[in-house]
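Listed here are the chains, written in short residue letters.
Protein chains: 2
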Amino acid sequence: MICIDALQYANWSEKVFRQMRDGGLDCVHVTIAYHETFRETVLRIEEWNRRFEAFPDLIRLAYTTADIRAAKAEGRTAILYGAQNPSPIEDDIGLVEILHRLGLRIMQLSYNNQSLLATGAYEAQDPGLTRMGREVVAEMNRVGMAVDMSHSAERSTLEAIERSTRPIAITHANPHAWHPALRNKSDTVLRALTSSGGMLGFSLYPHHLKDGSGCSLESFCRMIADTADRYGAAHLGIGSDLCQDQPDSVVEWMRTGRWSKRIDFGEGSAEAPGFPPQPAFFRDNRDFPRLAEGLAAVGFDKSEIAGIMGGNWLAYFDRVFDGTDG
Amino acid sequence: MICIDALQYANWSEKVFRQMRDGGLDCVHVTIAYHETFRETVLRIEEWNRRFEAFPDLIRLAYTTADIRAAKAEGRTAILYGAQNPSPIEDDIGLVEILHRLGLRIMQLSYNNQSLLATGAYEAQDPGLTRMGREVVAEMNRVGMAVDMSHSAERSTLEAIERSTRPIAITHANPHAWHPALRNKSDTVLRALTSSGGMLGFSLYPHHLKDGSGCSLESFCRMIADTADRYGAAHLGIGSDLCQDQPDSVVEWMRTGRWSKRIDFGEGSAEAPGFPPQPAFFRDNRDFPRLAEGLAAVGFDKSEIAGIMGGNWLAYFDRVFDGTDG
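Top line first, the protein sequences correspond to chains C and R.
Under UniProt numbering, think of the first position of the first sequence as 1, with each following residue one higher.
Under UniProt numbering, think of the first position of the second sequence as 1, with each following residue one higher.
Treat the hints as calculated values from the structure; they're not laboratory data.
Heads up, a few of these hints could be off.
Intra- or inter-copy, both count: the list cannot distinguish identical chains.
What the hints assert, rightly or not - Straight-line Cα separation of at most 16 Å, EDC-like style, residue types lysine to aspartate or glutamate; simulated pairs:
1. 15 with 245
2. 261 with 97
3. 210 with 267
4. 261 with 135
5. 210 with 226
6. 261 with 139
Predicted model only: the values in this text are computed from it and were never measured.
Starting from the given sequences, assemble the full structure and let the hints guide the process.
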């Protein structure tokens, strides 16, 4: 069984990497940009280069799915770069191929707000993909970069699914029917996503969970079972959205970036502006095996569990990453 | 009479500055950014600094309307900086005050395409001002930077008029009823604009003119007279959109920027991709006096002509530029 987490943004450290090994994580999709410009994203990549140099026994960068399989064979965790916003390409479609060459394999078209490409889930209006957005989706398809619509609004998401010639991903969100968070996804979106070969990664971020930090493993896994009944287990995976050891200033950066002089509390509030506590059954990377146990307890068979814990993400990455990189 | 042109983007040279003097231009709003980032915009400002140093007898930078009046008294042309796109502030509201300090006094919220703030006239859908757009309009109001919606779509323009606490401008466009170019403005927009104290600058760019390059002075001035009848002469001025001595590569940059790998021909076409020839009555800056003559010929009185040729823009700038710059 291969174990893949399709979204994390920890305060990266040897401790976190060791916990990944303890939890049996073969691959983690890590966020390298929330609002970072191209140059700032390159700085984040430089920081990762120093980590790969410092901890060669624990982690390696994945450019391909072969690298993910090699990491597993070597007992290391493959790190897959992603951006939660198209800010790294700024206004420049040519940066898609440049960033792909540097390892970026997943990019969201918008993060909560309107971007140059698409609309975020927090905007009141969603006009769908922009003129630049349609061009960039075609370019991402060409080079083999996955389109992620986790933080995007509904119409933009449906248009990305329709426009993209490769299946898209929602790396970290849950069904809106289970917990009506603004960021969780409607039946319309989930049906279009999965029927086109796309993937949904279930989030463990408390604001996306029914009962928040008090959510139980059983409730979470029953939700996964219901989702599998509706859309098929082969389209499901984990995207924990684990933001471990981060100070509250990081969630403020995620939410407010540089776009407002006032603090925007997003899914939080002025009374609870920081990261909420993790649910008891999923404190950090060491708890991945508990998710597999929880899936077994609600009736998934071994093959389905292997798929949801990582096999489905690997099969998706195989289909999406084989583009043309100059 | 003060003479102000509210939009030019020439291939700046001593020749052009001498023609401004010959045409009696006291102030020109010059574009310093189409798709430029902050750093690239600063380069454009550096280029202007070298021009001010090279031609101190011909031009001076205007930070205030007092500087415009001083330029007239000194026999020089005041240069007023504007951006046709919010690209210079990138994703950073803090850059509004920084750029204001460097002299930026007018900024469009979008240029043909969707921006982070508002929608451009070439997008199929227009959701209005974005979350960041509403914050930035308030910041522009605070520091005293004019909101320009020349290239923006209808709903975004109406929301900017409603949201802005200072009157806004459409520096270069004509009424859609006279010539139905995509960029020309509807009666709804012109009524909302002028009834809120905003200004319209009439464009002499052939794609915005009835009969294009063949437009006559009489037709242009009769259109101004009709517009004055509808909305009041006090809200009208000139924004010639003169792009003198520019190679075709510049119009390609304006239209395509970095957002598409394919060329977008905008108001042109594959057969006619470059700048169209100017109408015979307005070849360059030396022809401004002919506009005043044309206005007299269609019946405007001296005071109205003085207003349209520049007085109305100066009065507008007096109302808009008196913000709080830290």
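Checked against the structure, which of the hints given earlier come out wrong?
-> none
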